[in-house]
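**Q** One letter stands for each residue in the lines below.
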Amino acid sequence: MLELHRISKSYPGVDALRGVSLAVGAREVLGLVGENGAGKSTLIRIVSGAERPDGGRLEFEGETAALASPADARERGIAVIHQELSLVPQLSVRENLFLGAGWSRRGIVRRRWEEGEARRLLGLLELDIDPDARCSELSLGARQAVEIAKALALEPRLLILDEPTAALSPREARALLRQVRGVARRGAAAIYISHRLEEIEAVADRVAVLRDGELVHSIDRRGPAGAGDGRLPLDRDELIEAMVGRSLSMEFPPRLPEAIGETRLEVRGLSAGRRVRDVSFDIRRGEVLGLAGLVGAGRTDVARMISGAMASDGGEVRLDGRRLDLRSSRRAIRSGICLLPEDRRGQGLVLSRSARDNFALPNLDRFRRLRGVVDRRREGRAFSRWREQLDIRVSSPRQRVATLSGGNQQKVVIARWLERGAKVVLCDEPTRGIDVGARYEIYEWIRRIASEGRSVLLISSELEEVLGMSDRVLVMHDGRIRGEIPDPARADPAGVLRIAAGIGLSEESSVA
Amino acid sequence: MPEGVGESAAGRWRRKLLDLLGRNLSVVVLALLCLISSVATWREQNPITSRSGGAVARQVLEACQTTCSVLVVARDTEADRVFAQAIEQGLDSAGARIAGRVFGQPRDVRLEVERIAAAGGSLDAIATHRIASEWGPVRTAGVPVFSPGSYHWPTFLTARNLLNVVNQNADIAIIALGMTLVILTAGIDLSVGSLLALAGVIAAVAAQEWFGGAAASPVGLLAAMLLGVGAAALGGLLSGTMVTAFRVPPFVATLGLMMLARGLALILAVGHQRRLVGGGAEGTPEAVRVDAAAFAWLGNGAVLGVPNPIVLMLVLFVAAHLLMTRTMFGRYVYAVGGNVEAARLSGVPVTAVLLAVYCLCGAFAGLAGIVDASRFEGGRPNAGELYELQVIAAVVVGGASLAGGRGRIAGTLIGAMIIAVIQNGLNIAGVASYEQKVVFGALILAAVLLDRLQPRLRRFRRKSL
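Residue numbers (this note's numbering), protein chains in the order written: chain A, 1 to 512; chain B, 1 to 465.
Derived from the structure by calculation, the hints contain no laboratory data. No residue lacks a Cβ here, since even glycine has one placed at the ideal position from N, Cα and C. Don't take each hint at face value.
Residues of chain A clear of chain B, computed beta-carbon distances all greater than 12 Å [stated by the list, open to error]: (1) D162; (2) R231; (3) S307; (4) D343; (5) R368; (6) R376; (7) R416; (8) K423.
Rough simulated footprint, nothing fancy, chain A against chain B, three-plus residues with beta-carbon under 8 Å [unchecked claim]: (9) 250-264; (10) 319-328.
To give an idea of the interface, some chain A residues facing chain B are shown, with a C-beta separation under 10 Å as derived from the structure [as the list claims (entries may be wrong)]: (11) L168; (12) R327; (13) S329; (14) G346; (15) L349; (16) N358.
Using the sequences plus the hints, can you model the full thing?
**A** This is the structure:
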């Protein structure tokens, strides 16, 4: 039904896809897996018409298709269900199902027809949902199911689901997987993307593994007898080996000989709803503690709670034995806990202001003269000092930070916390969207920060990075810490990924 | 393509010029408007000033040396007296004789000429200005008449008109300061017009009823004024609390306060009137008159010839500019407006900043209310109606982005002046107030459109050059 021939796509500095060829047929569910940044999202954006490939050919139902826009793709029968819901919460299920164009008769709603059709669609998915219920009253799982029903209303030939279970409970996720199988049984094709291998096992007929923009492995689970539900068992270890693959020979600066000191930060029983459950760990002076895990495992929430950016349900954090007040970032920063947020542009920087202003924002009290007047000379001197040390490439301190490259933006944030004299630096995906050269410089700085006796918590979805940079690694899955790797430099990446994917855990806590 | 590579010198200059113009668009617009107003008001000018008086004195002395006796003629206005005084000084210092002086009507000139003749005095010249030189008795007096030469100059561009334009819009400009802060945080304050009225009425009522009415001391009057400003600041604090603690959208919070404050101003004014006239008085809102003469000083006095409201406005603008560029608070305001989440994670006390901003906006509105009340020698409960819109227009025209984070105090000053100049230009050109509304509406739309288009324009500029 869908055939991709040698599709490639690059963004400035990255080859997101390198000659990927894939096919998915009718009555078939293709599972698509890969680490973060492997190219899954780019692939989906191309198939759904949101982006055009730089090279290669896309065939849909036997003819070469140049998808001009998402609307064009929809027209041809390609429906995408994203992680985020696209329902209008104030409207009823029925109104949401038929929200798009083309359902009315000359602009007048065909209510009787809609009622029948809504019942039919919900029946197809074996959903017990009142079509007149408001969407805001439904559980997340039910809403996700309505989302699928809405996609089915278009009678798609190809249904794409991108991490659809991220917000669902295990029971809801199981129901969703059944629905996807049902869709395939009725003759459509489906592409199912997930980090959760147990879901892939439950739903996919074939599995394709992407790594660094290339298709590296593919498993066909249909026996010689052909399609149907009599699928061969999936070897998850085989998948994980393929996802991790050989080392990317990523370079890391050498460890500095500074010794790791006594305990600096103690985290005890930190919790936030279902997202973070009873997380406890210590970080010592001069230590880089890695936090590995898949997206949504709760790592970012842990960092945000420690830095006062997000409220916790319970637990406490001690810095050098003193209990911290976690009610605001302001207090956390005062005590020396600083966060390099994952979303640099959205949470780290005020894009409309200059590099210097952004650097100075949390440090203004240090440049203050009497009565809150900023001493601009002192501020400027401090900025030039860090600009030189970190090699921040700006044409002038007044250059708007929005116009800097990702690496330089990140350096501005790092400089800000170094000036502050941070005792603990929480780095959430510090190299995301940063090119290779600047990446290495940031690694060097993480090392230096640690060697000065500060503590670093390093969160990264790139296994290579978190293993290569950390003195010790904790692995999170589903809001809990599931494993500790004492010597990450010599650890087996596949083993880490296995813990992160929740393989080998009791059935109760996993999903499928 | 890196800038400046492979560009001709002319191209580079063109780019620089366009860049400069693009960045200071509002200055360019203001300059253009002034130019248009100047051209449209190009008239014959007959100055009646001390300088032109001196010039007349020199003319007289040149014609008949020091021996002649001169009659000085002027009307009975302040400017005329200054003018006449300058003539006399000029003549006196050279030793010429003043035969007489007239401040009044043509009839008075005839009487004075007759008096001099009757007294047997000699009369060799009349020194006067252009207007009086046309009077019958002056022309028929039979002696040479000296008056300063006239010249052509735009009426718009006279010191008097310019001071007038700025003076009349000083209150708008002062409120626009506070509004700039609010808009920088991506908020809006609709209550400023009402707070202006409330502050004026409170100050007036306090001056009349608590601080001694006509006998109020300057300290008492100051206290009354501060009371008014304080009330308005409190109002601002209220909307700030609604916005921060209860997450009410600024538009709604300040809309409520707008009605609330206006109602309070009316109630206070009517109540005062009842107490004045007795319980039976009709409840119609009238201005609360302040009897103490000193109350009017702020609105009507002048320092070195510059009206007090302008002085106050300039002082406040300089202070606000320093506040926004040199202090932690200013940086915090820009950060909160630019990216509230990043500001919070950087340790900016977001709630306190927002509270302070709304409080300051209220205080500025209150200050403008005091100026207004002082100018009219009483608090008018209906003052400042629809001011909020004019003020927002001034801020937006001055280049601030309603999305927050972008805008400058200097820009707001220019925005307020643009609005003032257009108003003045339309008035001089005789455009009716209804049509003025249309012009203003179009102006605001154009300014906002420009704001929206700016990223695209910038891209276009970069691409085309």
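**Q** Next step is simple, just say for each hint if it's right about the structure.
**A** Going through the hints against the structure:
| no. | hint | result |
| --- | --- | --- |
| 1 | D162 | holds (25 Å) |
| 2 | R231 | holds (46 Å) |
| 3 | S307 | violated (7 Å) |
| 4 | D343 | violated (9 Å) |
| 5 | R368 | violated (6 Å) |
| 6 | R376 | violated (7 Å) |
| 7 | R416 | violated (7 Å) |
| 8 | K423 | holds (15 Å) |
| 9 | 250-264 | violated (count 0) |
| 10 | 319-328 | holds (count 3) |
| 11 | L168 | violated (27 Å) |
| 12 | R327 | violated (12 Å) |
| 13 | S329 | holds (5 Å) |
| 14 | G346 | holds (6 Å) |
| 15 | L349 | holds (6 Å) |
| 16 | N358 | holds (8 Å) |
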